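Given these sequences and hints, build the entire structure.
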Amino acid sequence: MNAESRLRRRLLVLGGGAAALLPWLEVFGGGRIKEARAQSQTPIKRLMVVFAPGGVIREQYWPTGTETNFTMPYIMAPLAPYKDKLLIMDGLSQLNMLDGVGHPHARGMCGLLTGKATVPGPFAFFLGGSTDFAQAASIDHMIGNKISAGLRFPTLEFGVLWPTYGTGPSTQNTISYSGAGMPAQPTADPWKAFQRVFAGVGASATGTDDVALRLKRTELVLDATSAEFNAVMPQMGTEDKARLQEHLSRLAEIRSSLTAPTGIGPSCLPPAGITSADSISYSTGGDGSHQTVATAASNRMPTISRQMIDMAVMSMACDLTRVASIQYTDAASRASFPWLKLNENHHFYQHDGGFQQQPCADIARFFYGEFAYLVQRMSEVKEGDKTLLDSTAILFCSEIGDPPSHDHRRIPFVIAGGASGSFKTGRFLNFGGKAHHGLLVSMLNAYGLPDMMIGDAKYNSGPLTGLG
Amino acid sequence: MLSQSAALRWQHLAFLFACQACSTGVPAGMGAPSGAGAGSTGSTGASGATGTGGSGPSQTMNPTAAQCATSATIMPGQSPVRRLNRFEYNNTVADLLLDNTSPADSFPLEEQSAFDNDANVLRASRQLVEGYLGAAETLANTALAKPDTLPCAATAGSADVATAEQCAATLIDTWGAKAYRRTVTADEHMRLLGTFRSARAFLDFKGSLSTVLETILMAPQFLYRIESGSPVAGSPGVLKVDSWGLASRLSYFLWSSMPDPDLLTAAKEGRLTTAADVRREAERMYGAARSRSMVRRFTRFWLDLSNVDQQGKDATLFPDYTPAIGSLMRTQTETLAEHLYFDGGGTLGTLLTAPYTYMNQTLAKFLGASGPTTDAFEKVDLDPTKHSGVLTEPAFLSYNATVDRTHPILRGVFVMRKLLCNPPPDPPPGIVDGQGTVTDPNATARDRLAAHRTSSTCNGCHQYIDPIGLTFENYDAVGRWHANEKSGAPVDASGGLTNTDVNGTVTNAIELNKKLAQSAQVQKCVTVNWFRYANGRGEVQGDSCSIARTADALAKSGGDLRELVLAQTQTDAFLYRVAPGAEVSP
Chain A
1 MNAESRLRRR LLVLGGGAAA LLPWLEVFGG GRIKEARAQS QTPIKRLMVV
51 FAPGGVIREQ YWPTGTETNF TMPYIMAPLA PYKDKLLIMD GLSQLNMLDG
101 VGHPHARGMC GLLTGKATVP GPFAFFLGGS TDFAQAASID HMIGNKISAG
151 LRFPTLEFGV LWPTYGTGPS TQNTISYSGA GMPAQPTADP WKAFQRVFAG
201 VGASATGTDD VALRLKRTEL VLDATSAEFN AVMPQMGTED KARLQEHLSR
251 LAEIRSSLTA PTGIGPSCLP PAGITSADSI SYSTGGDGSH QTVATAASNR
301 MPTISRQMID MAVMSMACDL TRVASIQYTD AASRASFPWL KLNENHHFYQ
351 HDGGFQQQPC ADIARFFYGE FAYLVQRMSE VKEGDKTLLD STAILFCSEI
401 GDPPSHDHRR IPFVIAGGAS GSFKTGRFLN FGGKAHHGLL VSMLNAYGLP
451 DMMIGDAKYN SGPLTGLG
Chain B
1 MLSQSAALRW QHLAFLFACQ ACSTGVPAGM GAPSGAGAGS TGSTGASGAT
51 GTGGSGPSQT MNPTAAQCAT SATIMPGQSP VRRLNRFEYN NTVADLLLDN
101 TSPADSFPLE EQSAFDNDAN VLRASRQLVE GYLGAAETLA NTALAKPDTL
151 PCAATAGSAD VATAEQCAAT LIDTWGAKAY RRTVTADEHM RLLGTFRSAR
201 AFLDFKGSLS TVLETILMAP QFLYRIESGS PVAGSPGVLK VDSWGLASRL
251 SYFLWSSMPD PDLLTAAKEG RLTTAADVRR EAERMYGAAR SRSMVRRFTR
301 FWLDLSNVDQ QGKDATLFPD YTPAIGSLMR TQTETLAEHL YFDGGGTLGT
351 LLTAPYTYMN QTLAKFLGAS GPTTDAFEKV DLDPTKHSGV LTEPAFLSYN
401 ATVDRTHPIL RGVFVMRKLL CNPPPDPPPG IVDGQGTVTD PNATARDRLA
451 AHRTSSTCNG CHQYIDPIGL TFENYDAVGR WHANEKSGAP VDASGGLTNT
501 DVNGTVTNAI ELNKKLAQSA QVQKCVTVNW FRYANGRGEV QGDSCSIART
551 ADALAKSGGD LRELVLAQTQ TDAFLYRVAP GAEVSP
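Going down the list, the protein sequences come from chains A and B. Under my numbering, the first residue of the first sequence carries the number 1, and numbering increases by one thereafter. Under my numbering, the first residue of the second sequence carries the number 1, and numbering increases by one thereafter.
Hints should not be assumed to be uniformly reliable.
Said to hold, decoys possible - If we take Cβ atoms under 7 Å as the criterion, some of the chain B residues that face chain A in the derived model are:
#1 110
#2 124
#3 126
#4 164
#5 193
#6 195
#7 200
#8 202
#9 211
#10 219
#11 232
#12 403
#13 426
#14 428
#15 583
As the list claims (entries may be wrong) - Dumping the calculated DSSO-like pairs for lysine-lysine here, alpha-carbon to alpha-carbon at most 27 Å:
#16 A:241 <-> B:178
#17 A:216 <-> B:146
#18 B:268 <-> A:216
#19 A:241 <-> B:240
No lab work stands behind these hints, which were simulated from the structure alone. Note that the structure is predicted; figures quoted are calculated from it, not measured. Cβ atoms here follow ideal geometry from the backbone N, Cα and C, with glycine treated the same way.
Listed below in structure tokens is the structure:
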């Protein structure tokens, strides 16, 4: 199928379609839609991160062969059609998992995109000690703050059934951090994500008077609210000031996003067919219980996965952001896979019910099938004579290397696409146990952040060689 | 910066953890308390109920209630600004605007440690602030569409400017005061009136009023609990929280919502200043039905019951288990707790030893009990040789089990974390909770843990964990009682407690619970957990007297659960705050 048949153009015409929108989102696109694509000399670069938990079955995953002539076994096989677009990196370890406290799942999630070991904190998980949020921003946010500057979102986080354990962001379910101790939570509700991301995209170029007035009102409220924050600031202590400052900066982000330009090029086609029926409700349950409904929606995972992928692709095509992540469930996932005839949950097959290799392999292969769909979609969206895939690096990753042992070695890292020539694809490399910090540094460098420190210094010995 | 000093606070704890290796014999903080209030459990730092280490033996770090009684220094601990969580937001807009739409249900899920009101972990993410914006606009528009919310005649809008602005001023002073939970200052009034004037330039009268109300609902004075206070002689850096602040502290603790009119009136009239005033109001509020959900919520968070309905069980072994049963299990334990806290004379001891519980027909059928014939939960007397309190109920027992078998380690660690406030440290690197290497299908849990007893590496901690966990062996993976192992041999549920104030061997969980019910260490640990919930934060070193006094009040009352809650309102932590700029660097 081609892009056009899958992603029918959807115009969010204000008025008819507005009733279904969250009311305040109507202010987007109030007559301010502009062609956003930067006519810059330097090529556009984009980043996607795709996370699936629980590692891989190594003998059914890692290629064998040489750098350019290699096989792709059972789990990775769905990506085989895109072999020349892949940079497969064996032999990278999350050495930070050897340090810190807490359960290996928490250690792995915390350090995956930050390179940081866990520190003690309030989040208990299984029998591991209590850990805190990562005390650093993750690379997707560091990069997003640079390359998405001026766009509607610095980054977007899409979640496919999140969280499946626990009740909100915690150390074992979070990989993205907007700053030290600031988890960036994925949006796991397809309808809510759709409304939020694509509000006003494709709306008529003039907008209406009503929308213009509402935009003005929203701007006034945000300004007045910011004034209240500034007014109470002097009576705050140091830590409280930081808390309110964070809130204040969110208000500023939202205000500038209201009028951020969005692309209206021919490739910007907001996904069709996502409706309120796709919502996943996270009710407070009347008595304040935060129901983890994601697990109950397990059978919807394939559908939600495609919806999230389509939205992520189009958030790029419409230039709403240049950094997006898609997170499948969370570490120690409670999601089950009934369409694979796997009715126990993911973590059960990892070790709760005793390690079961083939179910784990089948689950991992499902995720790689979804990755392949993402790569396909990215390669179908044209930008001049190139595709979105050409301008993007998609990093596939997991928090551990191997399901039953929760091992920190040989973390599955694969890059698809080249980020406009930053990465040389069609290759299988082995780094022989090096810290994955090298990869994180290389990613930062690729996006024009040459001097950034990342992660725990003792594991950081600069970028990996041979990626570009 | 916030995160840095927060990290430092936890590094401090890490040091304490390091002192606590099980293999050293007596973990720090685990020393047997010699009397009420002398327990040294958990008097530092974890905002999560599960993470706290002991705090070491120093008397200054762990003062007794008697020592605290002679100390004139006020020690409020830490006073973070508290953001309304989703639950509190819903309740607050319901009380403020009579709006029962629960708009916070669409906000992103929140960071929470063991308790969902931990101010130190609640953040302001972009999605949350977007949620506030959407909710505030809708709430304001809805409220102003109701005739009785409009503070003046609707015709005021078409009258002269002064009349229209008078209406806005009234709205600011009435709705603003309710939303801010105190009177609106002159500066705030002028700023909001300025917003009205700005809005009036391009919006109609009602739209402009709505813009003002929306701003109020977006303001930090509404979304956060910002407190003022007055200096305290002899305690530099300490403020006595003013009446408005005390009203909100009481209200968000006991009712998870804004103060009711009685409370606000008491604050306004100066009848909410002393500890006795606070106690009086707390008693009044405790008597209201709204407090019951507080106890249920506390119990849910403390005993880690939030996800009981998410657990799966082996369909072959337990074909009648469904998530709905898990939900009923949670209701059972919460209902028993509610009964004991509110229906007269319940004690902490009873919570741990009651030979009765609450069930409805479905749950009773699942558990093989008889009595209830409807969906309503009712009291059921049980065999006292098989049932004694919440630790013999299936919510705890099944959640701390695998899908098909018991899990003595989870159960033992649970008791050490939640009841004794003395969690063991992480397993050594490379050890992952798994199934072990025992292959005999008839092996008992005790057999499977044999390696723990022969390895000195394992035994360092498992000598404490396993003997607690194994006492629950009479309760299977869904919490049902059974006398015999698969092999037909009788279950050996013997075990015991070491390094507590109630050491000794026991033959089963019934005897274990009896010991825990007599433990001052358990009393103190439950006190610490209530402290965290009542104050919306983890305890810090400066809270040791607040906690010691509360534990003492609990002990003196004979473990009275009502006193356990009410005493939380009498601490330095509850009545005072740290002055801005006087925070102690961790």
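We went through each hint and held it up to the structure:
1. Checking residue 110 of chain B against chain A: minimum C-beta separation of about 5 Å stays under 7 Å; hint holds.
2. Restraint check, residue 124 of chain B versus chain A: the minimum CB separation of about 4 Å is within 7 Å; hint holds.
3. The beta carbon of residue 126 of chain B comes within 5 Å of a beta carbon in chain A, closer than 7 Å, and the hint placing it at the interface holds.
4. Interface hint status for residue 164 of chain B: violated, as the beta-carbon distance to the closest one in chain A is roughly 17 Å, over 7 Å.
5. At its closest, the beta carbon of residue 193 of chain B sits 11 Å from a beta carbon of chain A; the interface hint therefore is violated under the 7 Å criterion.
6. Evaluation of the residue 195 of chain B hint against chain A yields a held restraint, the C-beta minimum of about 4 Å falling below 7 Å.
7. Restraint check, residue 200 of chain B versus chain A: the minimum CB separation of about 11 Å is more than 7 Å; hint violated.
8. For residue 202 of chain B, the suggested interface contact is upheld, since its CB lies about 6 Å from the closest CB of chain A, less than 7 Å.
9. Annotation: interface hint on residue 211 of chain B holds; nearest CB of chain A at approximately 6 Å, less than 7 Å.
10. A hinted interface residue such as residue 219 of chain B counts as satisfied when its beta carbon comes closer than 7 Å to some beta carbon of chain A; here the least separation is about 4 Å, so the hint holds.
11. With its C-beta approaching chain A no nearer than about 17 Å, residue 232 of chain B sits outside the 7 Å limit, and its interface hint is violated.
12. Hint on residue 403 of chain B holds. Least Cβ distance to chain A is approximately 6 Å, under the 7 Å limit.
13. Given the 7 Å rule on beta carbons, the hint for residue 426 of chain B holds: about 4 Å separates it from the nearest Cβ of chain A.
14. Hint on residue 428 of chain B is violated. Least Cβ distance to chain A is approximately 12 Å, over the 7 Å limit.
15. Given hint, residue 583 of chain B at the interface with chain A, holds; its Cβ is 5 Å from that chain's nearest Cβ, closer than 7 Å.
16. Between residue 241 of chain A and residue 178 of chain B the alpha-carbon distance is near 24 Å, which keeps this suggested pair within the 27 Å criterion.
17. Distance hint between residue 216 of chain A and residue 146 of chain B is fulfilled; the C-alpha atoms sit about 24 Å from each other, no more than 27 Å.
18. Straight-line distance between C-alpha atoms of residue 268 of chain B and residue 216 of chain A comes to about 38 Å, which puts the hinted pair past the 27 Å bound.
19. A C-alpha spacing of about 20 Å is found between residue 241 of chain A and residue 240 of chain B, which places the hinted pair at or below 27 Å, so the restraint holds.
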